[in-house]
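*Asks:* Relying on the hints, combine the two individually framed chains into one complex.
Going line by line, the protein sequences match chains P and F.
For the first sequence, position 71 (counting from the first letter as 1) is numbered 71 according to this note's numbering, and the numbering increases by one without interruption.
For the second sequence, position 50 (counting from the first letter as 1) is numbered 50 according to this note's numbering, and the numbering increases by one without interruption.
If you are wondering where the hints come from, they were derived from the structure by calculation, not from laboratory data.
Treat the hints with caution; some may be incorrect.
Here are the in silico distance ranges between beta carbons for each label pair [claimed, not checked]:
#, chain 1, residue 1, chain 2, residue 2, range
1, P, Lys52, F, Met27, 35 to 41 angstroms
2, F, Tyr95, P, Tyr30, 16 to 22 angstroms
3, P, Ala17, F, Asp56, 32 to 38 angstroms
4, P, Ala17, F, Gly51, 24 to 30 angstroms
5, F, Pro39, P, Glu76, 23 to 29 angstroms
6, P, Glu76, F, Ala82, 39 to 45 angstroms
Non-contacting residues of chain P with respect to chain F, defined by C-beta distances greater than 10 angstroms in every case (computed) [to be verified]:
#, residue
7, Val11
8, Phe18
9, Thr28
10, Glu42
11, Ala53
12, Lys56
13, Ser58
14, Glu63
15, Lys68
16, Ser79
Remember, predicted model here, so these are calculated numbers, not experimental data.
Ideal placement from N, C-alpha and C gives every residue a C-beta, glycine not left out.
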Amino acid sequence: GNSVTQMEGPVTLSEEAFLTINCTYTATGYPSLFWYVQYPGEGLQLLLKATKADDKGSNKGFEATYRKETTSFHLEKGSVQVSDSAVYFCALSDQAAGNKLTFGGGTRVLVKP
Amino acid sequence: NAGVTQTPKFRILKIGQSMTLQCTQDMNHNYMYWYRQDPGMGLKLIYYSVGAGITDKGEVPNGYNVSRSTTEDFPLRLELAAPSQTSVYFCASSYLAGGGSYEQYFGPGTRLTVT
Numbered sequence: 001g002n003s004v005t006q007m008e009g010p011v012t013l014s015e016e017a018f019l020t021i022n023c024t025y026t027a028t029g030y031p032s033l034f035w036y037v038q039y040p041g042e043g044l045q046l047l048l049k050a051t052k053a054d055d056k057g058s059n060k061g062f063e064a065t066y067r068k069e070t071t072s073f074h075l076e077k078g079s080v081q082v083s084d085s086a087v088y089f090c091a092l093s094d095q096a097a098g099n100k101l102t103f104g105g106g107t108r109v110l111v112k113p
Numbered sequence: 001n002a003g004v005t006q007t008p009k010f011r012i013l014k015i016g017q018s019m020t021l022q023c024t025q026d027m028n029h030n031y032m033y034w035y036r037q038d039p040g041m042g043l044k045l046i047y048y049s050v051g052a053g054i055t056d057k058g059e060v061p062n063g064y065n066v067s068r069s070t071t072e073d074f075p076l077r078l079e080l081a082a083p084s085q086t087s088v089y090f091c092a093s094s095y096l097a098g099g100g101s102y103e104q105y106f107g108p109g110t111r112l113t114v115t
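Just chain F, same shape as in the assembly (with noise of 0.2 angstroms):
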């Protein structure tokens, strides 16, 4: 098992430019999310999956875009990069487990900068 993985590792972009932000599990959960961690904050929810077809917003949606027409992948989207969104990102994976909890599952992240 891979686990949660993202590509790319690092990436820099100019403002006004546009990326996607890949990220795959391989564990068959049906949750997936996806983070922003700014230097020395907490993670902020930016978009989260119950499943294939369906996707919500979380607490810091704008300037963000997400699909999931499968199981394994949901990509992130910056659409017009602004330096705001300089941060790591994480995509993460969960299921429920014993007690009723959903553990998340982290990939190692995606640092972005944007000049």
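In isolation and in its complexed conformation, chain P is listed as follows (with noise of 0.2 angstroms):
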């Protein structure tokens, strides 16, 4: 079956430090490939996606290429703010699986000032 694993949080960083979630993926199918963002008390919001090999998904100053080779889909932000302290979680959907959503645990960030 499909899978998404991501580093364990929590990452804690300084305002204006580099970002980097890493995010590795196993499909039976052709997955697009996804990063949601969940902010305290809130819903999941969808931050970026990447729908075939080599494609680069990019938000709100985040990035993500969709590496088929390694099986993977980082996430990287160059210079991070307080505002960016959220639950990051990478995800796939297949349509072998029927285009449902598999998640991975979900990464921690936490920015200081």
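*Replies:* Following this line, the structure appears as structure tokens:
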């Protein structure tokens, strides 16, 4: 079956530091890949996505590249802000699995001023 | 557009009680989902629906029931609440976006405690 593995947190950074969150996946088909963000007390919001190999998703200064050869979709941001403190979830959807989302366990990021 | 709305926001149940978590979306999405999120964990799929009148089990369906009589509404029913069902419940809906991916939109969640 499908699975998503992402680095455990919490990740604690200072403002303006570089952030990277590793995500690797296992899928039987050709999945689409997503990063969702959950701010405290809220539901999940789509941050970015990529639908095929070598696609780069980007939004709000975050980027992730779909790497089929390494089955990875690492999230990066060059200069984080306090407002980026949240839990980040990597996920995949696969037509072979009925387009249901499979989530990683989430990575909590805390940015200190 | 309100997006995906869920009620109630919070609820405390006693063991053995029943309740229905409501979910409504106004985006005319065919697909709808129910997830639970346990503390410090990712989301697990309970049930999903690909359209009115069609539902199917997800990863953790035991103890829950759903119905989908309209495109807009997808209520989740707990018949005999147990402490193991203490969790935050998220409803989501999705459509077929560009590139063939199904982007999911989430509601704000219902925090349920069973004591």
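*Asks:* Work down the list of hints and note, for each, if the structure agrees.
*Replies:* Right, here's what the structure says about each hint:
no. : hint                                    : result
1   : P:Lys52 <-> F:Met27: 35 to 41 angstroms : 25 angstroms, violated
2   : F:Tyr95 <-> P:Tyr30: 16 to 22 angstroms : 20 angstroms, holds
3   : P:Ala17 <-> F:Asp56: 32 to 38 angstroms : 43 angstroms, violated
4   : P:Ala17 <-> F:Gly51: 24 to 30 angstroms : 46 angstroms, violated
5   : F:Pro39 <-> P:Glu76: 23 to 29 angstroms : 28 angstroms, holds
6   : P:Glu76 <-> F:Ala82: 39 to 45 angstroms : 41 angstroms, holds
7   : Val11                                   : 14 angstroms, holds
8   : Phe18                                   : 25 angstroms, holds
9   : Thr28                                   : 16 angstroms, holds
10  : Glu42                                   : 6 angstroms, violated
11  : Ala53                                   : 12 angstroms, holds
12  : Lys56                                   : 13 angstroms, holds
13  : Ser58                                   : 14 angstroms, holds
14  : Glu63                                   : 17 angstroms, holds
15  : Lys68                                   : 15 angstroms, holds
16  : Ser79                                   : 27 angstroms, holds
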